[in-house]
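With the numbering used here applied, the sequence shown has no gaps in its numbers, which climb one by one up to 163 at the end.
There could be a bad hint or two in this list.
[Stated by the list, open to error] Simulated restraints on C-beta separations:
1. Leu-106 - Leu-86: 13 to 21 Å
2. Gln-73 - Met-126: 15 to 23 Å
3. Asp-64 - Pro-128: 22 to 30 Å
4. Ala-152 - Ser-67: 32 to 40 Å
5. Ala-152 - Glu-89: 46 to 54 Å
6. Ala-152 - Lys-83: 49 to 57 Å
7. Lys-83 - Thr-150: 44 to 52 Å
Since the hints were derived computationally from the structure, they do not count as laboratory data.
We put the CB at the ideal spot given by N, CA and C, even for glycine.
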Amino acid sequence: MKPRVLDRYSVYFFPQALEVLGDDAKMFLNGEGERAHVICREIDTAGSLLEMTLDCQGPDGEAIEVELMVPSNMVRLIISTRGDGSFGFRPRTAADQGSATSTQTR
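With the sequences and hints as input, model every part of the structure.
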């Protein structure tokens with residue numbers, strides 16, 4: 058299944074981490090200062106390294122996939138952004154309330 062364009066993660070770092078990563082990370086950052094973050098297509102938080110998969114452009118403008126790995130203790134916050142509306146609240150219908158009542162009485 059191909060990921061939708063709006064399925065992304067914004068990874069924010071501690072200020073000290075940005076200082077340590079220095080110029081090597083600047084080409085991947087969006088925003089400045091405390092708002093600097095990396096936008097990723099996929100993340101893997103298992104283990105001591107946070108693995109981020111980014112969609113980037115090569116020197117000739119071709120689409121390339123970059124895997125960026127940093128120690129997980131450098132990460133301050135990860136925000137998941139989705140564009141399909143599958144997360145959140147929605148109005149409940151009578152059918153929803155009827156099914157909720159039947160599951161509670163079991």
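How the hints compare with the structure:
1. The given range of 13 to 21 Å is respected by Leu-106 and Leu-86, whose C-beta atoms sit roughly 18 Å from each other.
2. For Gln-73 paired with Met-126, a C-beta distance near 18 Å keeps the hint of 15 to 23 Å intact.
3. Checked against the given bound of 22 to 30 Å, the beta carbons of Asp-64 and Pro-128, roughly 25 Å apart, stay inside it.
4. For the hinted restraint 32 to 40 Å between Ala-152 and Ser-67, the CB-CB distance of approximately 36 Å keeps it satisfied.
5. Checking the proposed 46 to 54 Å range against Ala-152 and Glu-89 shows it holds: the Cβ atoms sit about 49 Å from each other.
6. Judged by the Cβ atoms, the range 49 to 57 Å given for Ala-152 and Lys-83 holds: they are separated by roughly 53 Å.
7. In this structure, Lys-83 and Thr-150 meet the distance hint of 44 to 52 Å, their C-beta atoms being roughly 50 Å apart.
Violation of the numbered hints given earlier is absent; every hint is satisfied by the structure.
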